[in-house]
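Kindly generate the complete structure, drawing on both the sequences and the hints.
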Amino acid sequence: MKSKKKINRRQFVKDASTVVAGASVIAAGSGAGLGLFPKSASAANVRRDILRIPGVGKGSPTDSDWQKVGALCLNPTKTRVSKGEFDGVELTFMGLNNQNLHNFLFRGFLKPWEKYTGAKIKWIDLAQADYNARLQQSIATKTVDFDILEMGAPFEGDVCGKGLASEMPNWVKEQIEMDDYVDYLKAPVGTWNGKTYRISIDGDCHNFNYRADYFKDAGFAAAWKAEGHKGAWGVPKTWQKVQEVSKFLKGKKDPTFGGDAVGYLDPCKGWGGFGFYFLASRATAYAKHPNDPAWLFDADTMKPRVNNPAWVRAIQDVIDVLPSQPANQLNADPGTTAFQQFLAGTGSMLSWWGDVGSMAKTSDGSVVGDVVGFDILPGSDDVYNSKTGRWDTLPGGPNYAPNMAYIGWGVYVMARVDSNSKKRKAAWSAAAHLGGKDISLWASAYPSGFQPYRNSHFNIDEWVNAGYDKAFITSYLESESNSYNHPNAAIEPRIPGIFQYYSVAEDELSKIYAGKYDAQTGANNIAAAWEKLTDQIGRKKQVALYRASLGL
Amino acid sequence: MTTTYIGTDHVPAQQKTLGRVIIFIATILLVALFLIQILYKTDTITLGFENWRPTLYAYLLWSIALCWGILLIKGDRGQRALFVLPAFLFTIAMVIFPLIFSVYISLHDWNLSAFEGQKFNGLDNFRALLVDEYYWNSMLNMVYYLVAILFEYAIAFGLALLLNSQIVARKFFRVVFLMPLMLSPVAVSWMLGKSLMEYRFGPAATLARHLGWESPAFFSSPEIARFSIMVLDAWTFIPFMMIMLLAGLQALPKEVNEAAKIDGATGWQHFWKITFPLMLPVSITATVIRIIFKLKLADVVINVTSGGPGGATDTVTSFIFREYRDRSNVGYGTMMAVVYLIIIIILMTLMLKLIDRWMQKVT
Chain A
1 MKSKKKINRR
11 QFVKDASTVV
21 AGASVIAAGS
31 GAGLGLFPKS
41 ASAANVRRDI
51 LRIPGVGKGS
61 PTDSDWQKVG
71 ALCLNPTKTR
81 VSKGEFDGVE
91 LTFMGLNNQN
101 LHNFLFRGFL
111 KPWEKYTGAK
121 IKWIDLAQAD
131 YNARLQQSIA
141 TKTVDFDILE
151 MGAPFEGDVC
161 GKGLASEMPN
171 WVKEQIEMDD
181 YVDYLKAPVG
191 TWNGKTYRIS
201 IDGDCHNFNY
211 RADYFKDAGF
221 AAAWKAEGHK
231 GAWGVPKTWQ
241 KVQEVSKFLK
251 GKKDPTFGGD
261 AVGYLDPCKG
271 WGGFGFYFLA
281 SRATAYAKHP
291 NDPAWLFDAD
301 TMKPRVNNPA
311 WVRAIQDVID
321 VLPSQPANQL
331 NADPGTTAFQ
341 QFLAGTGSML
351 SWWGDVGSMA
361 KTSDGSVVGD
371 VVGFDILPGS
381 DDVYNSKTGR
391 WDTLPGGPNY
401 APNMAYIGWG
411 VYVMARVDSN
421 SKKRKAAWSA
431 AAHLGGKDIS
441 LWASAYPSGF
451 QPYRNSHFNI
461 DEWVNAGYDK
471 AFITSYLESE
481 SNSYNHPNAA
491 IEPRIPGIFQ
501 YYSVAEDELS
511 KIYAGKYDAQ
521 TGANNIAAAW
531 EKLTDQIGRK
541 KQVALYRASL
551 GL
Chain B
1 MTTTYIGTDH
11 VPAQQKTLGR
21 VIIFIATILL
31 VALFLIQILY
41 KTDTITLGFE
51 NWRPTLYAYL
61 LWSIALCWGI
71 LLIKGDRGQR
81 ALFVLPAFLF
91 TIAMVIFPLI
101 FSVYISLHDW
111 NLSAFEGQKF
121 NGLDNFRALL
131 VDEYYWNSML
141 NMVYYLVAIL
151 FEYAIAFGLA
161 LLLNSQIVAR
171 KFFRVVFLMP
181 LMLSPVAVSW
191 MLGKSLMEYR
201 FGPAATLARH
211 LGWESPAFFS
221 SPEIARFSIM
231 VLDAWTFIPF
241 MMIMLLAGLQ
251 ALPKEVNEAA
261 KIDGATGWQH
271 FWKITFPLML
281 PVSITATVIR
291 IIFKLKLADV
301 VINVTSGGPG
311 GATDTVTSFI
321 FREYRDRSNV
331 GYGTMMAVVY
341 LIIIIILMTL
351 MLKLIDRWMQ
361 KVT
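Those protein sequences? They're chains A and B, same order as listed. According to UniProt numbering, the first sequence is numbered sequentially starting from 1. According to UniProt numbering, the second sequence is numbered sequentially starting from 1.
Any given hint might turn out to be false.
Unchecked claim - Simulated pairs of lysine-lysine, PhoX-like, Cα-Cα distance not exceeding 25 Å:
(1) Lys-142(A) <-> Lys-119(B)
(2) Lys-423(A) <-> Lys-78(A)
(3) Lys-122(A) <-> Lys-142(A)
(4) Lys-162(A) <-> Lys-119(B)
(5) Lys-171(B) <-> Lys-254(B)
(6) Lys-83(A) <-> Lys-423(A)
(7) Lys-119(B) <-> Lys-541(A)
(8) Lys-387(A) <-> Lys-303(A)
(9) Lys-111(A) <-> Lys-540(A)
(10) Lys-78(A) <-> Lys-111(A)
(11) Lys-303(A) <-> Lys-541(A)
(12) Lys-119(B) <-> Lys-540(A)
(13) Lys-253(A) <-> Lys-230(A)
(14) Lys-186(A) <-> Lys-437(A)
(15) Lys-142(A) <-> Lys-41(B)
(16) Lys-254(B) <-> Lys-162(A)
(17) Lys-122(A) <-> Lys-78(A)
(18) Lys-303(A) <-> Lys-119(B)
(19) Lys-115(A) <-> Lys-532(A)
(20) Lys-119(B) <-> Lys-532(A)
(21) Lys-216(A) <-> Lys-252(A)
(22) Lys-540(A) <-> Lys-142(A)
(23) Lys-142(A) <-> Lys-422(A)
(24) Lys-173(A) <-> Lys-83(A)
(25) Lys-273(B) <-> Lys-254(B)
(26) Lys-41(B) <-> Lys-541(A)
(27) Lys-173(A) <-> Lys-422(A)
Since the hints were made in silico from the structure, they are not lab data.
This is the structure we're talking about:
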């Protein structure tokens, strides 16, 4: 998830030329001048123009920049809403304030919308740490006091599954051009029982970040051969190779920075539930069979699979390479592995969200900008088949199953506006403005808290024209798009309380990694705790929602 | 000679009746609103308020009416009661009621994500707690953390003696030694736990490497991690004990010290036979308060280790925090908090009793 240390994408290329937005941008910034272009030319110009606000190398965007972008992207609203149509409507928006992004951007984006439509928006800003508790309390105490909600897909079970969200009108689907979403963000994500609720504003997945210098190093190649390893020295494509490479590197020296060479980096410390995603990224290639959409629970019973041979193998993998990792790895959470280790030059392989790639060249704390490469998560030579209880070797080669961790942020309208048609249209219009096709391009390219999530975001030329380095941005974006659109992507279950499952698992994993239990015993403990949790939340409904989230 | 007895002033019967009526009406209003709201919230009746705020207003009104009524009924004695009654009513609202409500919640199975909402489950949460190895593991850790107070006390006493003696720049050192106490434990977690003791480039880790510790990971093995947390917590709170002990030392009668000097007592005899016994009341007070602080230890643990590795540094409070915030398990989390509170109350009461008896024997 991208909330911790957000990026500064505009500095991807240090020496990129900067272009000031043209006169049309300035004119449009005031809300005038839009719609004068022929439709196709206008759309292309809008995308070109917003990418120049404020421009690569021109400093961080400010509220006036966000307002300019919001004004430039107002055309889709104008085609469906007449000026002043929402006079007197007041909406409440609840979202995050991480790194002064999220709601701060939304405010700027929506100011021209408020001016045009006449609606007013009140804001509830939450720190990430307070978000879950605030949302759960609102639901549990039946005190939903907001009309529009910024929310991650994993919480859909808590909100959509309990009938608290408003169904998306068809005109919104057209306005935001939903067909442009990458495959995994299309239904069933954002839908419950065939109804659509979510406007995506973000995409999330774990990709594979590696140090290219390690895998081009002639010394390592020679040593690899001399030690009798099979195959050529290169970037591992499977977890089996990741393990082999990590053990091989122990005792060697980093080819660029001179410290100890380290292979894969595992976060072993809990991170409020988010740490579990990192075990999942190791496990999906083993556990997500192409013929089975389920990989975390059995679809019919919610029986946990976390103690099946696939997951136990992933846990055992962590245990096996812990001695090859830095000595403090037991106290390393995902923030440590990404920002204090990998970006700071320790370790050669890491699974993480897109933040690592986008910060590699822009963060002052990063030393790996020129030596980093990206790919989808490694695969596995064999995959566990939960139905037969056997390991299958696929005819097409290794099994890949990129982990769509967290599924990204979305904007949801709450059902409480449904009784007032004017308010309902206003809420959906505001949400659609934030989730528009063009505005999302800007949010992907500049610090926003959001990653690319539409097929149109992967037009490399647009990024290069805006000033980004082609080789770097191509590698980065391809690792993202190939993960999103992978046919065997592992989609996270959107069931109520999913982070409770992850949090319980983190506690047990901590014990396993500390040597208190073996992998199987610890996994059995996790499974037992998950069964108890499912019963507490309500198994019957949980099963139904799980199946719905899988599209079954 | 005339004698005036406070509180015997005459209160007219009419005034008394008015006072009783005011209290009666306010009580009826409060009880009625409370009952209506309970019945409404349990879906027994369809008429009620959206939230409990009107009941709170009724309580405030009742509190005012009670104060006014007592004033009318008891006259001067009522005026004296008014010095205490508002504080008492405030305590009921802010301490007693939440405690009772906590006990009520702890008897429920209430996961915020549960479809059925809260369900009364009697003592099930308590029974689950009895076999919850995470809870008892953190309780065991608390014993280790409490034992560490003995060492903190010894260090604090040493520092207090030092700062009480005629050393150079005494005032400067007093301020410097107090500084850790001024820092938030969260800041301490980041400054020390995550920066100074950082494995790769932390100054403490670098020094440890120079001293021959090849892999100075302060939070990776259970014993070292627990010890490191003790050090972080001690660094913050030793100044607190020190300042209390220093105040005690400065209040000691100088005559006794001078008499001991004249009698030729050695430094050790002076400390062990005079200073230490005289300082016992202050020492006990400082230690008891420190124990209370220690029992609440959570922030440093949450920030630095999240209770790991493998639960080695977990405290009861940090575990309750995870159960509450990360798992929304309100009923069980509250039961853990209630049981912990009861254990603390029993232990502290026993300890104070034992200390009291011991002190009586000593003195």
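Okay, the hints, checked on the actual structure:
Restraint check: the Cα-Cα separation between Lys-142(A) and Lys-119(B) comes to about 16 Å, which is no more than 25 Å; the hinted pair holds. Only pairs whose Cα atoms come within 25 Å are accepted, and Lys-423(A) paired with Lys-78(A) is accepted, the gap being roughly 17 Å. Distance hint between Lys-122(A) and Lys-142(A) is fulfilled; the C-alpha atoms sit about 20 Å from each other, no more than 25 Å. This hinted pair checks out: Lys-162(A) and Lys-119(B) have alpha carbons roughly 18 Å apart, not beyond 25 Å.
Between Lys-171(B) and Lys-254(B) the alpha-carbon distance is near 21 Å, which keeps this suggested pair within the 25 Å criterion. The hinted pair formed by Lys-83(A) and Lys-423(A) meets the criterion: a straight-line CA distance of about 15 Å does not exceed 25 Å. Straight-line distance between C-alpha atoms of Lys-119(B) and Lys-541(A) comes to about 17 Å, which keeps the hinted pair within the 25 Å bound. At most 25 Å may separate the alpha-carbon atoms for a hinted pair to count; Lys-387(A) and Lys-303(A) meet this at roughly 13 Å.
Distance hint between Lys-111(A) and Lys-540(A) is unfulfilled; the C-alpha atoms sit about 44 Å from each other, more than 25 Å. Restraint check for Lys-78(A) and Lys-111(A): the C-alpha separation of about 14 Å stays at or below 25 Å, so the hint holds. Under the criterion of a C-alpha separation no larger than 25 Å, the hint pairing Lys-303(A) with Lys-541(A) is consistent with the structure, at around 14 Å. A C-alpha spacing of about 17 Å is found between Lys-119(B) and Lys-540(A), which places the hinted pair at or below 25 Å, so the restraint holds.
Using a Cα cut-off of 25 Å, the hinted pair Lys-253(A) and Lys-230(A) holds, with the two alpha carbons roughly 21 Å apart. For a cut-off of 25 Å, the pair hint linking Lys-186(A) to Lys-437(A) stands: about 15 Å separates their Cα positions. A C-alpha spacing of about 11 Å is found between Lys-142(A) and Lys-41(B), which places the hinted pair at or below 25 Å, so the restraint holds. Under the criterion of a C-alpha separation no larger than 25 Å, the hint pairing Lys-254(B) with Lys-162(A) is inconsistent with the structure, at around 74 Å.
Restraint check for Lys-122(A) and Lys-78(A): satisfied, since their Cα atoms lie roughly 22 Å apart, inside the 25 Å limit. Of the pairs offered as hints, the one joining Lys-303(A) and Lys-119(B) holds, with about 24 Å between alpha carbons and a cut-off of 25 Å not exceeded. Restraint check for Lys-115(A) and Lys-532(A): the C-alpha separation of about 51 Å exceeds 25 Å, so the hint is violated. Our distance criterion of 25 Å between C-alpha atoms is met by Lys-119(B) and Lys-532(A), whose separation comes to about 15 Å.
Distance hint between Lys-216(A) and Lys-252(A) is fulfilled; the C-alpha atoms sit about 15 Å from each other, no more than 25 Å. With a CA separation close to 22 Å, the supplied pair Lys-540(A) and Lys-142(A) stays within the 25 Å bound. Proximity of Lys-142(A) to Lys-422(A) is assessed by CA-CA distance (about 24 Å); at most 25 Å being required, the pair is judged to hold. A C-alpha spacing of about 21 Å is found between Lys-173(A) and Lys-83(A), which places the hinted pair at or below 25 Å, so the restraint holds.
With a C-alpha separation of about 15 Å, the suggested pair Lys-273(B) and Lys-254(B) falls inside the 25 Å cut-off, and the hint holds. With a CA separation close to 24 Å, the supplied pair Lys-41(B) and Lys-541(A) stays within the 25 Å bound. Between Lys-173(A) and Lys-422(A), the direct Cα distance comes to roughly 18 Å. Compliance with the 25 Å bound is thereby established for this hinted pair.
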